[in-house]
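There are 2 protein chains.
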Amino acid sequence: MDISALTRTINDQLALLSYGDQPTSLYEPIRYIMALGGKRIRPLLTLLGAQLFTDDLTPVLKPALATEVFHNFTLLHDDLMDQAPLRRGQATVHEKWNPNVAILSGDVMLVRAYELFFDVPAALLPTVLRRFSQTAAEVCEGQQWDMNFEIDSEVSIAQYLDMIRLKTAVLLGFALELGALLGGAPASEADQLRQFGTAIGIAFQLRDDLLDVYGDAATFGKRVGGDIVSDKKTFLLLTAQAQASAAQQAVLQQHIGQPVFDAERKVQAVTAVYDELNIRAQTEALINEYFEAALAHLEQVAVLAARKEPLHRLALQLMERES
Amino acid sequence: MDISALTRTINDQLALLSYGDQPTSLYEPIRYIMALGGKRIRPLLTLLGAQLFTDDLTPVLKPALATEVFHNFTLLHDDLMDQAPLRRGQATVHEKWNPNVAILSGDVMLVRAYELFFDVPAALLPTVLRRFSQTAAEVCEGQQWDMNFEIDSEVSIAQYLDMIRLKTAVLLGFALELGALLGGAPASEADQLRQFGTAIGIAFQLRDDLLDVYGDAATFGKRVGGDIVSDKKTFLLLTAQAQASAAQQAVLQQHIGQPVFDAERKVQAVTAVYDELNIRAQTEALINEYFEAALAHLEQVAVLAARKEPLHRLALQLMERES
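If you're matching them up, the sequences are chains A and B in order.
Add 18 to the 1-based position in the first sequence for the numbering used here, that's all there is to it.
Add 18 to the 1-based position in the second sequence for the numbering used here, that's all there is to it.
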């Protein structure tokens with residue numbers, strides 16, 4: 019199946035999931051956030067990972083959905099922690115209901131995510147659950163680092179890259195590894211795919227950082243410069259701070275971390291420093307490095323190149339590149 | 019092993035658990051809440067349940083701890099939702115750290131609870147995990163009903179009993195069922211023990227409601243009348259409201275749900291209505307009914323009566339009864 023057919027299958031299967039009935043205040047928010055949509059990248063990666071090794075995706079479907087339910091659980095709790103008012107243009111759960119509903123609905127989503135694994139064949143179940151649990155804990159660690167970095171004055175680029183690896187990339191890696199394992203791949207191949215997915219995930223997040231500053235507002239769908247306005251310590255800002263001259267440091271300090279400011283002027287001034295330091299090209303180079311490393315892992319997977327085509331194409335799509 | 023030896027074993031094993039290291043702001047709160055103590059009833063029930071059927075508790079220990087880690091996860095999130103300042107006389111996690119730390123540390127505790135099951139023999143693992151997940155979701159449902167009841171004007175006694183069954187009792191039932199399954203019991207015996215534990219759990223919670231009003235402040239360890247002060251819809255209040263004369267209704271309405279009040283007068287007035295309606299004896303009768311039903315389930319378990327002695331004794335201890 020190609021990517022759009024697989025995505026349809028995933029959405030059809032998601033629509034069939036039942037999370038629970040009563041009390042409605044517990045289960046309605048789960049149906050709400052799951053219905054907000056999204057690209058369903060994680061279950062797609064699981065199915066594409068499995069398709070490398072098998073043509074029978076039936077037993078892979080339910081576990082594939084687990085990664086999507088888990089991902090939406092993290093969005094639900096993260097939105098509460100970040101006090102975000104909107105998610106995909108709609109009110110977040112803690113806004114539409116209240117914070118307590120967001121906590122408890124999220125908790126039960128995590129339980130439901132686990133449940134989607136329990137039909138996995140007995141021989142694979144412990145491995146799959148151990149890897150999922152490790153990944154889930156790492157995603158929590160990433161979110162905690164992200165919150166810590168808002169307060170920490172000193173954050174290194176290495177720390178930042180490790181944070182996005184944990185918060186975003188390891189789940190993409192696990193989604194692929196899961197598909198490979200369920201498709202019957204040996205552990206070594208599953209691990210190559212995990213590394214492919216993790217590297218793609220880091221590249222994807224760096225690209226997100228880049229688009230926040232250099233993206234087209236219309237296609238990016240967010241306000242350009244949002245990270246700059248909120249003093250977010252992204253790869254761009256940390257690199258600029260590490261490389262700035264005394265004069266450039268002064269400009270950055272004049273704008274970053276100030277309680278009162280003109281947003282437009284702030285974005286302009288910080289972007290000007292980025293431009294002087296060639297931050298865009300440096301970020302693109304690092305994205306490319308992770309992307310190439312990802313492809314090298316995919317290359318290592320011992321199946322016919324033709325079978326890798328859909329996965330290769332999805333990776334390119336995620337980077338919005340032609341080749 | 020007797021109850022005190024088992025409790026020591028549980029505490030020794032809990033002290034050996036490692037939840038994670040970095041970031042410390044994620045893992046320190048887990049070590050903190052787990053170190054606050056408690057009677058470790060749930061793992062104790064698991065070990066006592068297993069001991070009915072086996073003398074080798076070694077493979078039961080880790081899964082037994084899962085119920086304690088899960089229980090403390092629910093306390094951590096419930097304290098945040100209830101905005102409770104204290105837990106076992108110490109600052110709650112959201113007070114000592116902050117609400118976001120409480121959310122995220124709790125999330126990772128739920129993951130760690132699952133992980134403690136993964137060494138369960140492959141033949142039992144899916145059953146154990148399905149039953150645990152069902153129980154975990156039910157506990158969340160119970161907490162949501164409890165929060166709903168704070169706002170709902172009409173709560174029936176049946177709804178209240180179902181709420182405490184979900185919020186408190188099913189986890190005690192699962193703890194026993196888990197022990198029985200791991201001890202090698204057939205499903206029918208494990209289910210008898212589940213029902214025994216669930217009935218004990220409901221009796222235990224009703225006793226807690228009773229002690230809030232009629233307990234000795236020194237031994238109960240909480241302020242007498244706390245439930246009355248906070249308008250908590252307990253079995254006592256709901257029964258009184260269902261049976262009150264017009265004059266007694268008026269007294270209850272004069273005190274319950276008022277924004278401003280004298281706490282001592284409120285407790286006195288509501289307790290006086292309880293006394294007139296004989297609520298204490300009615301509650302004791304219901305506790306006894308659940309307790310007797312529990313013992314009947316224990317009776318049904320096909321092992322020698324002598325093996326049931328420690329479990330029988332623990333049940334009596336939980337009711338603080340001699341026999």
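These are computed hints drawn from the structure, not numbers from a lab.
This structure is a prediction, so every number in the text was calculated from the model and none was measured.
Do not rely on the hints blindly, as some may be mistaken.
Heads up, the list lumps identical chains together, so a pair's fine if it works in one copy or across two of them.
For lysine to any residue, the following SDA-like pairs were computed, each having C-alpha atoms within a straight-line distance of at most 25 Å [unchecked claim]: (1) 114 x 171; (2) 250 x 42; (3) 326 x 118; (4) 114 x 233; (5) 57 x 294; (6) 250 x 115; (7) 250 x 338; (8) 80 x 136; (9) 114 x 75; (10) 250 x 170; (11) 326 x 20; (12) 80 x 152; (13) 57 x 77; (14) 80 x 42; (15) 284 x 209.
Structure-based check of all given hints:
In this homomeric assembly, residue 114 and residue 171 come within 25 Å of each other (Cα to Cα) only across copies, at 22 Å, whereas the closest approach inside a single copy is 34 Å. Within a single copy, residue 250 and residue 42 get their C-alpha atoms only as close as 37 Å, which misses the 25 Å cut-off; across copies the closest is 22 Å, which meets it. Proximity of residue 326 and residue 118 under a CA criterion of 25 Å is satisfied in neither setting, with 44 Å inside one chain copy and 41 Å between copies. Neither within a single protomer nor between protomers do residue 114 and residue 233 lie at most 25 Å apart by alpha-carbon distance, with minima of 30 Å and 41 Å respectively.
For a Cα distance limit of 25 Å, the shortest separation of residue 57 from residue 294 qualifies neither inside one copy, at 35 Å, nor across copies, at 63 Å. Taking the shortest alpha-carbon separations for residue 250 and residue 115, only the inter-copy value of 22 Å comes in at or below 25 Å, while the best intra-copy value is 28 Å. When the C-alpha separation of residue 250 and residue 338 is checked against a cutoff of 25 Å, the pair qualifies only within one copy, where the shortest distance is 24 Å, while the shortest distance between copies is 56 Å. Proximity of residue 80 to residue 136 under the C-alpha cut-off of 25 Å is found in both arrangements, the shortest distances being 9 Å within a copy and 20 Å between copies.
Taking the shortest alpha-carbon separations for residue 114 and residue 75, neither the intra-copy value of 37 Å nor the inter-copy value of 48 Å comes in at or below 25 Å. Taking identical chains as interchangeable, the C-alpha atoms of residue 250 and residue 170 lie at most 25 Å apart only when both belong to the same chain, with a minimum of 11 Å there against 42 Å between chains. For the homomeric pair residue 326 and residue 20, the shortest alpha-carbon distance inside one copy (12 Å) is at most 25 Å, but the shortest distance between copies (60 Å) is not. Taking the closest pair of Cα atoms, residue 80 and residue 152 come within 25 Å of each other both inside a single copy (20 Å) and across two copies (17 Å).
For the identical chains of this complex, residue 57 and residue 77 are intra-copy neighbours only, at 22 Å inside a copy versus 43 Å across copies, given an alpha-carbon limit of 25 Å. Only within a single protomer do residue 80 and residue 42 lie at most 25 Å apart by alpha-carbon distance; the minimum there is 24 Å, versus 34 Å between protomers. Within a single copy, residue 284 and residue 209 get their C-alpha atoms no closer than 44 Å, and across copies no closer than 65 Å, so neither meets the 25 Å cut-off.
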